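**Student:** Make the full structure from the sequences, and use the hints.
Okay, so the sequence shown: first residue is 1 according to full-length UniProt numbering, each after it adds one.
I should point out that these hints are in silico values taken from the structure, not numbers from a laboratory. Treat the hints loosely; a few may be bogus.
Unchecked claim - Taking lysine-lysine and the BS3-like style, the derived pairs with C-alpha atoms no more than 27 Å apart in a straight line are:
(1) Lys538 x Lys444
(2) Lys446 x Lys522
(3) Lys446 x Lys467
(4) Lys51 x Lys311
(5) Lys51 x Lys102
(6) Lys503 x Lys538
Since the structure is predicted, the reported quantities are computational estimates derived from the model, not experimental observations.
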Amino acid sequence: MNLLPKSSKEFGSVDYWEKFFQQRGKKAFEWYGTYLELCGVLHKYIKPREKVLVIGCGNSELSEQLYDVGYQDIVNIDISEVVIKQMKERNANRRPQMSFLKMDMTQMEFPDASFQVVLDKGTLDAVLTDEEERTLQQVDRMLAEVGRVLQGRETEWLFGMEEGRKQLAISAGFRRLITVALHRGQQYEGMDSIQAELSARVMELAPAGMPSQQQVPFLSVGGDIGVRTVQHQDCSPLSGDYVIEDVQGDDRHYFRRLIFLGSRNVVQSEARLLKDVSHRAQKKRKKDRKKQRPAGGPEEPPAAPGQGIDKSHLCCEHHKAMVAGLALLRRPELLLETPLALLVVGLGGGSLPLFVHDHFPQSRIEAVEIDPCMLEVATQWFGFSQSDRMKVHIADGLDYVTSLAEREARPHYDVIMFDVDSKDPTLGMSCPPPAFVDQPFLQKVKSILAPEGVFILNLVCRDSGLKDSVLSGLQAVFPLLYVRRIEGEVNEILFCQPHPERKLATSELLEMAQALEQTLRKPGRGWDGSYVLSDMLKTVKIV
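**Tutor:** As structure tokens, then:
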């Protein structure tokens, strides 16, 4: 029985596949390879607990054999009603947790970011039967849907949108760019081992005429390729799955990081660990304790997770710039003796408000955090604590600011800081959420800011059109607007003030920063000598 089509175009026809599976019957048909031929690659890149989507499953035994060796969270889709019915009947009793759905892969019904893995063995070839415009549009729809349902950076604006990919290629300095996602379960010693694994595959995609010995540079968006130690993993009803992990930096220091698994390559919060609690020191102490402990004696309890945090060190460059913005207040050399009222929206690991609290002894800080789990994380794992000068309100930042603005006796803060991330990675702006820069809301922010105060905003926006709109809206409310771009990052720190007549030249800003820093560097202050406040304001521009 000849099941092959008369022309390749028939591969893209639903009718062809209905007839194919009717004639083929229940006997499996394997395109391009069996499970035994492919299992080495599949087991390397897919973890048993990951949720897998198989598109164009047909009647292949691949999903069934994956299921039988422990991959039991598998969803299979195919456009053929005949084969879906066959596969449901074949697996109903033996593999009850595996599902088969009739669905068009170019119009999938799953929510965004539903799967960690999308597996296709031959469906793309069935769709890409020629290079006509209509066919290529169908392929684009297919790949767009795959990107939509996948979890990971593939769905971010930078990687998932054409404008973002163009910007990425321009910033890398190349006309042709291949992006490869490295997921958390994949462990490599460094970039050399990744390059060794991928080089041959990359050259298969090289343009015609490119010399076979041509060196292709490999670039990394993130710097945490090496080994990481997961200290804690949990799920927040608001923020989703997250991990607390310790990683070793380039300077041999260890750092603790909070990562939301919905944005796997974004470090949400980071703190440096004190040297005496480095992993090597911990291992040595544990070994020494075992030597000293009597046989059968109880093991000493580990140190509390939040201990060992270097609270004097700010890891994030944008946090350093935000703190430098305090130099915009009047008489910065007297700020340590001045009662300061600060409102910080977005707690994370708590390093920003904690740093201000510890270095400005007369400050009173209110932090607003929407997710109660993050307060627990900050307290347990990042050394954060509340006091009579540090209070945390569990509330939506939008609602909290609105409630303050509507009071008869409004509070007036000397400094308001926004460091709030967006949960929608498809936007060209990942910080803050768009509602935080709407003009009506910004008017509320202005109403609770002291006349000579400063509103400091962390802006992460790759979409140039959207950024221009945000800056225009801010300037309509805060006529005096300074911008400080963070080198090597997308972050821009915006310093906003209500009175344009207070505009300062760069030289004046540096003088004020130096005056504040001289006070902070006095003996006994515990100031981090590597942090130069004036450096944070050297490249400030007035919008």
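**Student:** Could you run down the list of hints and mark each one as holding or not?
**Tutor:** Outcome of the hint check:
For the proposed pair Lys538 and Lys444, the alpha carbon gap of about 30 Å is over 27 Å, so the pair is violated. Distance check on the hinted pair: Lys446 and Lys522 sit about 34 Å apart at the alpha-carbon level, beyond 27 Å; violated. Between the alpha carbons of Lys446 and Lys467 the distance comes to roughly 20 Å, so the proposed pair stays at or under 27 Å and holds. For a cut-off of 27 Å, the pair hint linking Lys51 to Lys311 is broken: about 39 Å separates their Cα positions.
Between Lys51 and Lys102 the alpha-carbon distance is near 18 Å, which keeps this suggested pair within the 27 Å criterion. Proximity of Lys503 to Lys538 is assessed by CA-CA distance (about 15 Å); at most 27 Å being required, the pair is judged to hold.
Checked against the numbered hints given earlier, the structure breaks hints 1, 2 and 4 and satisfies all the rest.
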